[in-house]
Structures are given as structure tokens and as C-alpha cells.
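Peer 1: For the record, the sequence lines run as chains A and B.
Count the first sequence with our numbering and you get residues 1 to 333, in order.
Count the second sequence with our numbering and you get residues 1 to 337, in order.
By construction, these hints were calculated from the structure, which means they are not laboratory data.
Just so it is clear, CB atoms sit at the ideal spot from N, CA and C, and this is done for glycine as well.
Hints are supplied without guarantee of correctness; some may be wrong.
Stated by the list, open to error - Label pairs and their in silico Cβ distance ranges:
#	chain 1	residue 1	chain 2	residue 2	range
1	B	K209	A	R123	42 to 48 Å
2	A	L180	B	R147	40 to 46 Å
3	A	R153	B	K194	54 to 60 Å
Said to hold, decoys possible - Taking lysine to any residue and the SDA-like style, the derived pairs with C-alpha atoms no more than 20 Å apart in a straight line are:
#	chain 1	residue 1	chain 2	residue 2
4	A	K271	A	S325
5	B	K161	B	S215
6	B	K124	A	K125
7	A	K125	B	V271
8	B	K122	A	P316
9	B	K122	A	A151
10	A	K271	A	D216
11	B	K301	A	A151
12	B	K122	A	T207
13	A	K125	B	F315
14	B	K124	A	L314
15	A	K125	B	V323
16	A	K125	B	K122
17	B	K124	A	N203
18	B	K122	A	L291
19	B	K124	A	F322
20	A	K125	B	V145
21	A	K125	B	L291
22	B	K122	A	S320
23	B	K161	B	T243
24	B	K124	A	A319
25	B	K124	A	T317
26	B	K122	B	S215
27	A	K125	B	L96
28	B	K124	A	I318
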Amino acid sequence: MPNEREKKKRLPLADMLKTWEFTIFMLLIAVFVINLILSPDLFRVANLFDATLTFTEKSILTLPMALLIISGVIDISVASISAMSGVILGVCYKAGMAIGYATVIGLAVGLSAGLLNGVIITRLKIPSIVVTLAMMLFYRGVGYILLGDTAVRDLPQRFGLLGGAYSSTFIPIQFMIFILLAVIFGFLLHRTRFGRLIYIVGNNENTARYSGVRVDRIRLILCGVTGLIAGLSGILLTSRIGSARPDIAQGNEMAVITICLLGGVYIFGGKGSIIGVVIAALMIGYVHYGLSILNVQEQVIRIFTGGLLIIALLIPTIASRFRASVKHRRGGS
Amino acid sequence: MNSRSYKSRLRELVRRREFGIFIIIVIVMVLVGLRNPIFFTGDNWKDMLMYASILAFISIGQMMTIVTGGIDLSVGSVVALSGMSVGIIMRDNPALPPVVLILLGTVFGLGCGIINGLLIGKGKVHPLITTLATMSIYRGLVVVVSRSRWVVYGDITKGFKLIARGNILGINNLMFAALIIAVVSYYFLNHTRKGREIYAYGDHQEAAKFVGINSTRINILVYALSGMLAGFGGVLWVSRVHTAQANTALGYEMQTIASCVIGGVSIFGGVGSVFGVLLGTLLFGIILNSLELIGIVDFWKLSVQGFIILVAVIFDAVLSHRVAEQMRKQRRVFDAE
Numbered sequence: 001m002p003n004e005r006e007k008k009k010r011l012p013l014a015d016m017l018k019t020w021e022f023t024i025f026m027l028l029i030a031v032f033v034i035n036l037i038l039s040p041d042l043f044r045v046a047n048l049f050d051a052t053l054t055f056t057e058k059s060i061l062t063l064p065m066a067l068l069i070i071s072g073v074i075d076i077s078v079a080s081i082s083a084m085s086g087v088i089l090g091v092c093y094k095a096g097m098a099i100g101y102a103t104v105i106g107l108a109v110g111l112s113a114g115l116l117n118g119v120i121i122t123r124l125k126i127p128s129i130v131v132t133l134a135m136m137l138f139y140r141g142v143g144y145i146l147l148g149d150t151a152v153r154d155l156p157q158r159f160g161l162l163g164g165a166y167s168s169t170f171i172p173i174q175f176m177i178f179i180l181l182a183v184i185f186g187f188l189l190h191r192t193r194f195g196r197l198i199y200i201v202g203n204n205e206n207t208a209r210y211s212g213v214r215v216d217r218i219r220l221i222l223c224g225v226t227g228l229i230a231g232l233s234g235i236l237l238t239s240r241i242g243s244a245r246p247d248i249a250q251g252n253e254m255a256v257i258t259i260c261l262l263g264g265v266y267i268f269g270g271k272g273s274i275i276g277v278v279i280a281a282l283m284i285g286y287v288h289y290g291l292s293i294l295n296v297q298e299q300v301i302r303i304f305t306g307g308l309l310i311i312a313l314l315i316p317t318i319a320s321r322f323r324a325s326v327k328h329r330r331g332g333s
Numbered sequence: 001m002n003s004r005s006y007k008s009r010l011r012e013l014v015r016r017r018e019f020g021i022f023i024i025i026v027i028v029m030v031l032v033g034l035r036n037p038i039f040f041t042g043d044n045w046k047d048m049l050m051y052a053s054i055l056a057f058i059s060i061g062q063m064m065t066i067v068t069g070g071i072d073l074s075v076g077s078v079v080a081l082s083g084m085s086v087g088i089i090m091r092d093n094p095a096l097p098p099v100v101l102i103l104l105g106t107v108f109g110l111g112c113g114i115i116n117g118l119l120i121g122k123g124k125v126h127p128l129i130t131t132l133a134t135m136s137i138y139r140g141l142v143v144v145v146s147r148s149r150w151v152v153y154g155d156i157t158k159g160f161k162l163i164a165r166g167n168i169l170g171i172n173n174l175m176f177a178a179l180i181i182a183v184v185s186y187y188f189l190n191h192t193r194k195g196r197e198i199y200a201y202g203d204h205q206e207a208a209k210f211v212g213i214n215s216t217r218i219n220i221l222v223y224a225l226s227g228m229l230a231g232f233g234g235v236l237w238v239s240r241v242h243t244a245q246a247n248t249a250l251g252y253e254m255q256t257i258a259s260c261v262i263g264g265v266s267i268f269g270g271v272g273s274v275f276g277v278l279l280g281t282l283l284f285g286i287i288l289n290s291l292e293l294i295g296i297v298d299f300w301k302l303s304v305q306g307f308i309i310l311v312a313v314i315f316d317a318v319l320s321h322r323v324a325e326q327m328r329k330q331r332r333v334f335d336a337e
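From just these sequences and the hints, can you work out the full model?
Peer 2: Laid out in C-alpha cells, this is it:
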């Protein structure tokens, strides 16, 4: 009998965890409906997929970022890494390298930038936020040093296909990459030993260390992966806009973190799921798309994103306060 | 006895972080001066110090947030928002005396800071993420408030220009303001109960809770002060450069953080002095100023800033890890006895 009671008590909590993903899914549908009312042209399937082109670069970055935050580290230099990778790709191409090799070098730059972040964070035990804050300036500056205020424009057509082409009939290649990465990261996080270890590291670093989990190595790997995907994101963006410039992807780090937190990733680590992040990415993406179709300024859209981020952050506090007050009332009566 | 205490005092002085920064400042000054003699002209120094003055007191506000273990990334946007709002008010009512405008700007900044403080203190949201969000919100508000029409040179009234150019007791107003704020905050942080509570809270949040320090109030106070100083700085900024734009003071938060970290404010919280921050600001101002003088292009500025912050942070981390190690060893010796 008491066993059953315990089960009943635990059920609402389990329900709530389930409904978080459900809630944002409902929000996503609401965003769709509002978008459709405001601009009915969006209803065509081709347009729906076209719209993804504007936010896939950010969306693919949310996947490794989610893993990183779950493991208790954060990287706010990702947007700068993206810009640096794009610029270096452009500079390599301009120097006469084949575009394929240049792309590989761009990815390698991203990977090594992420690894450098990881080494400094894990070796010197400095809070990741501070390290990546400095690196954010540093990597962004590298782009400016290489190109100044110029841009590499004459990238080959073949390269442009990466960011703008459609694979079968109407699904953009970018979006296919996003889906593929989402499946890979989802599998990695939810179905493998490594994924479980990420949660353990994020939940309690010291316990993990004492249990023989190689905390630093896991975090280093995740930092590297984040850097690599940031590089990929920069390359896709460069391909889509057709030129390598040092000022791309400004403010993307905030958009990415916002999506992760809205997707149910806990800012202090240990909690989160890929499906939530994917839904949140689509939601934010379509919100942006809808607002920009309505001709709202980029800066004003940022107010919106910032507001959403704060709301996403306040939810746990409000929820715990609400739960406490409910408990208090029950105890009182 | 007397000479010995003098000696040990001297040794303590040499060991202080501030002394190290001072030496670096002298070295940098000599190197830059050798490369380009313009560095030592009065005009250059006045330019540099005027720039460093605003940076100095905003950095002092930043220091208080870092000492509590937080950070305020929104200062650059608050500078822009307060500057833009004041600029627009001035454009619409040119008859308003500058003092009123200064007060208004300070109040705007205070409001922004209190919002940060409430979110962090009451909402228990991580400071960095909160201010990352409010940074873009305030920056967006600059565009909304200005309706994409910037305040340009012709809009600035004569009285308003005088705020930055005038003198009090023979010292430029900006430097005077920085000095007064530095002295007041030195007194506040070192000789009042609230000031000491800020350090106590930053040093060990749990312990501070047990001795009865109200964390919510400390957070609100610190972020409100930081916002207030940034708002004040915004007015002076517009008065100094004669324009207010959407990208005024973009990335300024990084400069304040750099000044703090160079000045020996620990990112782990609990450590930092007003004097150190002043020296840090001076060093940072000299470096930024001398990049142009020794012929390094503007595009290097970002990377150099990032690199300086990184080096200072690594230096600080290595130092504080060593101190922790030493204390642990001492404790072991003590336990063995």
C-alpha cells in the first residue's frame, strides 16, 4: 500500500518532465498557427522548408551546445569560432587552394579552437564562462585581422550549393544535415555509455571524479565537438551568403543558448534532452522567420530573444516557488 | 625593530598585485614612448585620461559585481541606452540644464541595473546569462527609443558639451568625476558594513548566508550600483564624443571586465580593490591608446583585448590555485602537530 502511494506521488513529477517537451511542442504549433494567420503564403510545404534555411546554422549548433551544458560547461565563443572558420576558409580559397581542402581547413580550425577552449578550461580549472568570454573576443579578432573590413566574394558556385541547394525535391541540404546530426547526437546522448557519463559529470562533478569517470576528458571531447560544429555552422553560413566576412554570426551564441534553455536543458548541467532542443530550435527559428517577414528590425528581434531567454531561466525558480507554496498550504491545512 | 617593520612593509608592498601592475605600466610607457614620442605629449595624455576616466568608474561598478562572484555584461548597452535617451530628451528640450540631464541618465542606468539585480537576486538566475539577455534587450531598446534616428553633432547643446570639456578645480570634469567616485567607493567598500558584506558574500556565499547576510539585497545593490554608474557614464560618453548611435559603446563590457581582471579582481569572487581597478584601467587605456601610436591597425584591437583578458585570467587562476595549495599544506602541517 505505501509503495503504491509513493508511486502516485512520483507520477506528477514524471509527468511534468514529460510535459516540458510537450509544452514547447504546443508552443511550436501555436507559432505555426500565428505565422499562418499573419502570412498565409507560408502554408505551402516548399516555403516551410525554405524558411529553415534562415536558421539551420544556429540549430545545428544547439545540439553540441546542449551536450556541453549538460556536462556543466558552457561555450560562448561559438559565434566567433563560426566567423573565424568562415574567414579562414575564404582566405585559403583566395590563396589558391581548392575549395574542398579549404572547407576541411575551416572545419579543422573550428575543431582546434574548441579544443583550445577545452584545454584551458580543464587544465587550468578556470570557469568556462570566463575563458570563452575572452576567446570570444580573440577568435572574432582573428577574422578581422585576416580580412579587415573586406570580404572574399568570388567563392565558387559549387560551394554555394552546400548552404542553399535542395537535396531531393524541396528539402534543403542544410536541413538534412541538421536532421542527421540531431539523430547522431540524440543517439549519443540517450543510448550510449558516453551519453550517460555526460549526465553524471553534469550532475555532480566530484562524485563523478571519485567514481573514476574521466571528467576532464569528457569535457575536452565535448568542447572539441562544439568547436567543430561551430566551424561547420560558419561554413554553411558563408556558403549561404556567398562571401566570407568577419562580421557574420554576431549574437548567435545567445540565440543558441536561448534555444538550449528553452528546450529544457538545465543551465547548471545534468538535465536536458535532444528532442526538446530540436523542438525549441524549430520554434525559435519560425518565430524569427515570422517576425522578419513582418519587417521587424533585427535589433528588435533580439529584444524578443533576450526576453524569451529570461523567461526560460525564470521558469525553474517560479516552478519551485509554486511547488513550495503548494506544499506549504497542504502542510498548513 | 622600527627598521624591520619598515622592511617587512616594503616587502609586502612589493608582493602586492598593484605593485606588479605599476611596474608593467612603467615598462609599457617607456617602450611606447621610445617607439613614438607623441605618447608623452600633454594632448595625448589628456585624450587618454578622458577615455580612461569613464572606463574607470564603470569598471569600479563592474568590480563590485565580479567581487560578488557575478558579472555584468549589460554595461555597454546601458551606456548606449542612457546616452541615447538623454540625447533625445536634450534634442527635444534644448533648454534643460545639463545637471538635470546627468541626473536623468543616472536614473535610467539605475533602473536598468535594478532590473538586472531583481532577476539575479529574486529570480535566482545566473548573472552571466541574465546580463547576456539584458545586454541584447537594452541594446535593442536603443534602436526602439531612437526610432532609428541618431543623435548627431548638431543636436548637442553647448551646455551639454561643457560637461566633458569643463574643469573643476583645474581638473577636467571627467577625471574629477572618476576621482570622486573612486574615493567614495573606496570608503563604501572598505569602511562600511554593506561594503564588507559584499566581499564576505563573494568570498563564500554559503558562509555569508549563515552569518546573516541577505544575498538578495547584496545582489540588487551591486547590480543597481553598476547600472547607475554605467548610466552616468553614458551621459558623459555622449558629451565627450558628441553623438549617440545604436552601436555606441558596443563591446564596452569587455573593456571593463579586462580592466578589472588586469587590476587583480578575482573572477572567483571575493577579491579586488578600487586602487587595483584604477591601475588596471590606466594600463588598459595606455595599451589601447598605444596600439594606434605604434602603428598597429585598428583591426587588431579585438584580439589584443581578448588576449590580455585571457592572460590576466590565467595568471589569476594559477596564482589562486597556488594560494589554495599552500593553505592546504599549512593545514596539513597544523593537523600533524
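Peer 1: Hint by hint, note whether the structure agrees.
Peer 2: Hints and how they fare:
no.: 1; hint: K209/B x R123/A: 42 to 48 Å; result: violated (32 Å)
no.: 2; hint: L180/A x R147/B: 40 to 46 Å; result: holds (44 Å)
no.: 3; hint: R153/A x K194/B: 54 to 60 Å; result: holds (57 Å)
no.: 4; hint: K271/A x S325/A; result: violated (24 Å)
no.: 5; hint: K161/B x S215/B; result: violated (41 Å)
no.: 6; hint: K124/B x K125/A; result: violated (24 Å)
no.: 7; hint: K125/A x V271/B; result: holds (18 Å)
no.: 8; hint: K122/B x P316/A; result: holds (13 Å)
no.: 9; hint: K122/B x A151/A; result: violated (46 Å)
no.: 10; hint: K271/A x D216/A; result: holds (19 Å)
no.: 11; hint: K301/B x A151/A; result: holds (19 Å)
no.: 12; hint: K122/B x T207/A; result: violated (30 Å)
no.: 13; hint: K125/A x F315/B; result: holds (12 Å)
no.: 14; hint: K124/B x L314/A; result: holds (8 Å)
no.: 15; hint: K125/A x V323/B; result: holds (14 Å)
no.: 16; hint: K125/A x K122/B; result: violated (29 Å)
no.: 17; hint: K124/B x N203/A; result: holds (19 Å)
no.: 18; hint: K122/B x L291/A; result: violated (31 Å)
no.: 19; hint: K124/B x F322/A; result: holds (14 Å)
no.: 20; hint: K125/A x V145/B; result: violated (42 Å)
no.: 21; hint: K125/A x L291/B; result: violated (31 Å)
no.: 22; hint: K122/B x S320/A; result: holds (13 Å)
no.: 23; hint: K161/B x T243/B; result: holds (11 Å)
no.: 24; hint: K124/B x A319/A; result: holds (12 Å)
no.: 25; hint: K124/B x T317/A; result: holds (7 Å)
no.: 26; hint: K122/B x S215/B; result: holds (9 Å)
no.: 27; hint: K125/A x L96/B; result: violated (53 Å)
no.: 28; hint: K124/B x I318/A; result: holds (10 Å)
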